[in-house]
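**Student:** Listed below, chain by chain, are the residues.
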Amino acid sequence: MALTGVEIFKMLPKTNCKKCGQPTCLAFAMKLAQRQVSLDQCPDVSEEAKQKLGEASAPPIRPTVLGSGELAVKMGEETVLFRHEKKFVNPCAIAVKISDTASEADASKVIDDVLSSEIDRVGQKLRINALFLSNDSGDGAKLEALAKLASTKAPAVAAIISTTSPDAADAALKHYSGKNAVLYGANKDNLEAMAGKAKAHKATLGIAATGLDELCDLTEKAKGFGVADMVIDSGARRAGEILRDNTYIRRSAVKKNFKPLGYPVITFAGRDDSMLESLIAVLGIAKYASIVVLNSAERWKNLALFSLRQNIYTDPQVPMQVQQNIYKIGEPGPKSPFLITTNFSLTYFIVSGEVENSKVPCRLAVLDSEGLSVLTAWAAGKFTASKIAQFIKESGIETELETKELIIPGYVAILSGSIEDKLEGWKITVGPREANGLPAFLKARA
Amino acid sequence: MPFTPPKESYNGKTFELTIGQGDKAVTVGGENVLAFHAFEGSVPREPAVAFEVQDMPPDDWPETVAEVFKNVSSGPVTWAKYCQDSLGAGIIALRLVSTHPDRGDASADQAAETVRKVLAAINVPLIVLGSNHAEKDAAVLVKVAEVLKGTNSLLGKAQESNYKTIVAAAMANDLKLIAMSELDINLSKQLNILIGQMGFDKEKLVTDPMSSALSYGLEYTYSVMERIKLAALAQNDATLQAPMLADVGMFVWKVKETQAAEADLPAWGSLRERGIEWEAVTATSFLIAGADILIMRHPEAIGAVKKFIADMEVK
Amino acid sequence: MLIIGEKLSIIAKRVREAMLKKDKGPIQEIAKRQWDEGSRMIDANIGPAEDGGEELMEWMVTTIQEVVSAPVCLDTTNYKAIEAGLKVHNNEWGRPLINSTSNDPERFPMLELAAKYNSQIIGLTVGKGGLPADAEERCAIAAEIMARAMEYGVPLEDIYLDPLVLQIATSQDHAMHVIRAIKMFQELNDPPMKTVVGLSNISNGCPKHVRPILNKYYAALLMYNGLTAAIADSHEIGEVSKTIDVITGKTLYAHSYLEM
Numbered sequence: 001m002a003l004t005g006v007e008i009f010k011m012l013p014k015t016n017c018k019k020c021g022q023p024t025c026l027a028f029a030m031k032l033a034q035r036q037v038s039l040d041q042c043p044d045v046s047e048e049a050k051q052k053l054g055e056a057s058a059p060p061i062r063p064t065v066l067g068s069g070e071l072a073v074k075m076g077e078e079t080v081l082f083r084h085e086k087k088f089v090n091p092c093a094i095a096v097k098i099s100d101t102a103s104e105a106d107a108s109k110v111i112d113d114v115l116s117s118e119i120d121r122v123g124q125k126l127r128i129n130a131l132f133l134s135n136d137s138g139d140g141a142k143l144e145a146l147a148k149l150a151s152t153k154a155p156a157v158a159a160i161i162s163t164t165s166p167d168a169a170d171a172a173l174k175h176y177s178g179k180n181a182v183l184y185g186a187n188k189d190n191l192e193a194m195a196g197k198a199k200a201h202k203a204t205l206g207i208a209a210t211g212l213d214e215l216c217d218l219t220e221k222a223k224g225f226g227v228a229d230m231v232i233d234s235g236a237r238r239a240g241e242i243l244r245d246n247t248y249i250r251r252s253a254v255k256k257n258f259k260p261l262g263y264p265v266i267t268f269a270g271r272d273d274s275m276l277e278s279l280i281a282v283l284g285i286a287k288y289a290s291i292v293v294l295n296s297a298e299r300w301k302n303l304a305l306f307s308l309r310q311n312i313y314t315d316p317q318v319p320m321q322v323q324q325n326i327y328k329i330g331e332p333g334p335k336s337p338f339l340i341t342t343n344f345s346l347t348y349f350i351v352s353g354e355v356e357n358s359k360v361p362c363r364l365a366v367l368d369s370e371g372l373s374v375l376t377a378w379a380a381g382k383f384t385a386s387k388i389a390q391f392i393k394e395s396g397i398e399t400e401l402e403t404k405e406l407i408i409p410g411y412v413a414i415l416s417g418s419i420e421d422k423l424e425g426w427k428i429t430v431g432p433r434e435a436n437g438l439p440a441f442l443k444a445r446a
Numbered sequence: 001m002p003f004t005p006p007k008e009s010y011n012g013k014t015f016e017l018t019i020g021q022g023d024k025a026v027t028v029g030g031e032n033v034l035a036f037h038a039f040e041g042s043v044p045r046e047p048a049v050a051f052e053v054q055d056m057p058p059d060d061w062p063e064t065v066a067e068v069f070k071n072v073s074s075g076p077v078t079w080a081k082y083c084q085d086s087l088g089a090g091i092i093a094l095r096l097v098s099t100h101p102d103r104g105d106a107s108a109d110q111a112a113e114t115v116r117k118v119l120a121a122i123n124v125p126l127i128v129l130g131s132n133h134a135e136k137d138a139a140v141l142v143k144v145a146e147v148l149k150g151t152n153s154l155l156g157k158a159q160e161s162n163y164k165t166i167v168a169a170a171m172a173n174d175l176k177l178i179a180m181s182e183l184d185i186n187l188s189k190q191l192n193i194l195i196g197q198m199g200f201d202k203e204k205l206v207t208d209p210m211s212s213a214l215s216y217g218l219e220y221t222y223s224v225m226e227r228i229k230l231a232a233l234a235q236n237d238a239t240l241q242a243p244m245l246a247d248v249g250m251f252v253w254k255v256k257e258t259q260a261a262e263a264d265l266p267a268w269g270s271l272r273e274r275g276i277e278w279e280a281v282t283a284t285s286f287l288i289a290g291a292d293i294l295i296m297r298h299p300e301a302i303g304a305v306k307k308f309i310a311d312m313e314v315k
Numbered sequence: 001m002l003i004i005g006e007k008l009s010i011i012a013k014r015v016r017e018a019m020l021k022k023d024k025g026p027i028q029e030i031a032k033r034q035w036d037e038g039s040r041m042i043d044a045n046i047g048p049a050e051d052g053g054e055e056l057m058e059w060m061v062t063t064i065q066e067v068v069s070a071p072v073c074l075d076t077t078n079y080k081a082i083e084a085g086l087k088v089h090n091n092e093w094g095r096p097l098i099n100s101t102s103n104d105p106e107r108f109p110m111l112e113l114a115a116k117y118n119s120q121i122i123g124l125t126v127g128k129g130g131l132p133a134d135a136e137e138r139c140a141i142a143a144e145i146m147a148r149a150m151e152y153g154v155p156l157e158d159i160y161l162d163p164l165v166l167q168i169a170t171s172q173d174h175a176m177h178v179i180r181a182i183k184m185f186q187e188l189n190d191p192p193m194k195t196v197v198g199l200s201n202i203s204n205g206c207p208k209h210v211r212p213i214l215n216k217y218y219a220a221l222l223m224y225n226g227l228t229a230a231i232a233d234s235h236e237i238g239e240v241s242k243t244i245d246v247i248t249g250k251t252l253y254a255h256s257y258l259e260m
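First to last, the sequence lines map onto chains A, B and C. Our numbering puts the first residue of the first sequence at 1, with every later residue one more than the last. Our numbering puts the first residue of the second sequence at 1, with every later residue one more than the last. Our numbering puts the first residue of the third sequence at 1, with every later residue one more than the last.
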């Protein structure tokens with residue numbers, strides 16, 4: 001099982017040469033123990049250490065890249081079953097299916113939709129990550145035509161080529177050589193040939209099994225054929241099967257370090273009913289899929305699934321932060337109260353919720369305090385008089401207010417004098433300590 | 001290669017809880033594994049969905065969901081009957097919004113009268129919710145509990161600041177009770193302990209760890225629910241073995257994503273589908289995390305969630 | 001174990017008022033009492049102290065050392081205030097301790113001060129934004145702090161690694177992460193790295209009657225795992241510290257060991 005940083009450190013050269021980019025061998029060992037760096041970054045490590053460490057430092061779910069260039073996404077590397085234990089690392093990729101039986105116009109439309117799917121959410125740019133090109137026709141020429149169309153129109157978008165024919169795979173993959181495509185459709189009948197095609201085009205091999213027994217069998221055989229990168233499908237399609245198989249796969253990999261299932265999972269959410277399909281995708285995102293394949297990608301659905309993916313993959317240790325800004329609650333006028341708090345999202349949700357409850361329109365200033373709550377932020381020097389004063393000054397808010405009065409959280413009452421010194425002409429009022437005191441406080445002023 | 005599935009079994013099991021009476025009664029809970037994990041244990045009951053009805057017209061609901069009820073929402077009786085008879089609601093959740101000091105400040109007696117009328121008009125189980133004003137709820141729910149006596153309804157919500165009176169009322173009238181804390185598993189446990197110390201039967205309790213909406217704190221509710229379920233099962237913690245409630249609609253239908261016009265934000269797509277999707281996705285996430293009872297608003301979102309629950313069944 | 005008396009903190013109303021009025025009385029009374037209870041270093045927490053921090057820290061250090069023959073732990077995020085305190089610190093009774101540097105670039109200059117004034121320093125194993133998830137992450141940050149300390153010319157023997165104790169009421173799993181980190185920190189160097197915690201944070205937010213119980217038992221577990229020092233209430237944990245030192249063989253037993 002995993003070695004501790006100190007155990008790894010003992011096997012390193014201890015020269016502190018910095019060639020790995022880390023300041024010391026100890027720092028490198030600690031990062032290696034956490035799988036934040038890879039062993040090959042150390043040029044001087046001995047063969048013996050390499051062998052011992054290679055196995056131990058390999059993540060339980062193999063890191064794999066989908067696509068190339070700026071839009072490439074990482075898959076795998078997960079280490080836990082529940083997001084509260086430790087952050088889920090690599091957000092699930094979302095792919096949309098295009099059948100090679102579709103007309104060129106229909107196919108082009110889906111590709112255009114994917115190209116324009118990017119949405120900015122809380123500072124992150126989110127989008128559909130891949131096209132799933134499906135050889136439903138059984139005709140290799142049609143699949144190739146579709147691959148050509150997709151790679152020409154959307155050269156930066158990753159592709160998953162789905163076929164059971166090695167020849168069709170070969171023709172289609174030519175358009176994605178070196179672009180970390182997935183070749184999906186390797187099964188017990190075509191495994192060796194498909195493995196060969198995936199290797200030839202440096203593609204990830206997508207295993208299409210019928211059950212977990214067979215899946216283990218196929219990944220081990222593919223490994224024997226020299227395939228390192230795979231994505232795996234147990235054949236689960238109903239929601240209950242997806243939950244069962246994805247749970248077994250994740251548990252085997254991270255709790256038992258079971259290598260035959262230590263690969264990213266591809267989950268098929270496809271349903272005729274688009275909204276139901278989105279809910280199956282919700283299950284995939286929450287429960288361990290690295291790729292979710294959809295039949296359709298309407299914008300309303302994209303927005304919801306992107307948001308969910310962002311929520312589930314948020315680091316529970318890094319509090320979600322609200323952007324530094326002055327937010328309006330209700331329709332505040334020049335006489336409305338003006339409050340300030342920190343940018344820890346839970347603080348923000350609770351404070352803004354209580355202001356809403358009060359039905360008193362307000363302005364709420366949210367200061368970037370690295371996602372800390374009020375008292376913690378103050379103690380850490382992130383919610384101080386000078387930071388508050390600077391923010392208020394630079395915001396230019398005073399032009400909108402009749403009286404320059406700022407309400408600060410009761411917990412930092414100690415700052416009131418100091419802010420008044422730094423913000424000339426402002427009156428600082430101390431508000432309640434807890435947000436639930438706000439409605440009464442605000443109503444009493446109104 | 002034969003694969004041995006790494007099954008998990010737990011010492012704990014959640015309490016079964018029944019609300020309502022007769023053949024319309026609804027039972028949830030009783031599972032000894034995580035949500036929908038029937039493949040490694042026993043999941044005797046499906047989660048239940050309640051339709052939210054209010055005691056005053058839904059003037060702050062967005063058009064997408066308000067228009068569904070526009071012919072019936074002038075009064076809670078017609079609204080509740082419509083949900084039961086035309087939409088197939090298995091549970092009605094009546095929210096006494098008008099009792100809130102800022103929303104009309106209806107008296108406890110008026111609220112009790114409303115509840116009496118709704119009870120008379122329906123035969124499915126009833127959840128009665130206050131207006132989320134801790135002080136007023138204590139006064140209102142005491143009166144309401146008397147009307148509910150003998151109906152095996154679910155009353156809520158008791159919070160840290162008002163639980164004593166509400167727990168006493170639920171006990172005196174033999175009702176099931178919702179205990180709500182604000183997104184904190186430790187506070188949830190604490191409130192359930194305090195309620196238990198008053199002599200309230202822990203098997204009559206429903207835990208509401210507080211909901212949220214997709215993109216607005218969903219991950220907090222999600223993880224608190226997963227942790228409550230794990231504590232109930234793995235640690236066999238009886239204070240956390242009550243079924244869980246997700247009061248979804250009230251959080252979802254106030255966020256920007258369910259209100260902003262497509263013309264203003266074309267990248268967000270159709271407002272109607274987006275709103276319904278927002279409620280369905282939020283609700284489904286909480287089901288996966290372990291919610292046993294959902295309170296929702298839009299019948300199409302409820303329909304989608306029910307299809308999801310059916311899809312979860314493996315024959 | 002070294003107890004660093006925590007009572008002189010701006011968070012306490014009486015202390016805050018004394019600091020504002022520069023009233024030596026309460027400060028010296030509290031410092032003396034902590035010394036009598038077994039604190040061998042006194043923490044002077046003046047908060048972020050943006051205004052007048054230098055003057056305040058200078059005053060605190062001299063005020064404390066007028067009545068107690070112990071070094072002072074200089075506790076503020078204000079760099080200049082730390083330097084002012086170091087300048088007047090009487091090293092005759094031991095070297096001062098800077099509280100603290102960390103992996104946040106804003107706190108790097110603290111190492112410069114430690115080197116310049118030959119002071120000891122606490123290395124808090126947190127980075128910019130976000131808390132360390134577990135013991136491993138704390139160790140990775142510790143290794144970075146150690147590397148940086150060497151660059152600044154601060155010997156590793158002068159660093160106290162602090163894994164950051166979190167509130168049990170909200171972050172229960174971190175109680176064990178911290179215990180593991182204390183164990184692992186020691187292995188990062190030979191001789192073992194020194195360690196320190198802000199002990200009472202474990203019970204922050206808990207009911208008053210529960211707090212001393214949590215603090216004491218937690219101190220015992222941490223000491224058993226090799227903790228070098230704790231910023232703590234000596235009245236509360238003096239007994240724990242002496243007892244665990246006896247049990248683990250760090251001091252020789254005598255019937256009156258508690259009175260020593």
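Be aware that a few hints might be false.
[Stated by the list, open to error] Chain B residues, not near chain C, derived (Cβ > 12 Å throughout): (1) M56; (2) T78; (3) A134; (4) I185; (5) L187; (6) N236.
[Claimed, not checked] Residues on chain C that point at chain B, a partial pick, calculated with CB under 10 Å: (7) I168; (8) A169; (9) Q172; (10) N204.
Simulated from the structure, these hints should not be mistaken for lab results. The beta-carbon is built from N, C-alpha and C at its ideal position, and this holds for glycine as well.
**Student:** Would you mind marking each hint as holding or not holding in the structure?
**Tutor:** Checked hints:
1. M56: holds (38 Å)
2. T78: holds (46 Å)
3. A134: Given a closest Cβ separation of 21 Å, the condition holds.
4. I185: violated (9 Å)
5. L187: Contrary to the label, L187 of chain B does not stay out of reach of chain C, its closest Cβ about 9 Å off (not over 12 Å).
6. N236: holds (17 Å)
7. I168: holds (9 Å)
8. A169: Constraint on A169 of chain C satisfied, holds at 6 Å.
9. Q172: Holds, about 7 Å.
10. N204: Hint on N204 of chain C: violated, closest Cβ of chain B at ~13 Å, above 10 Å.
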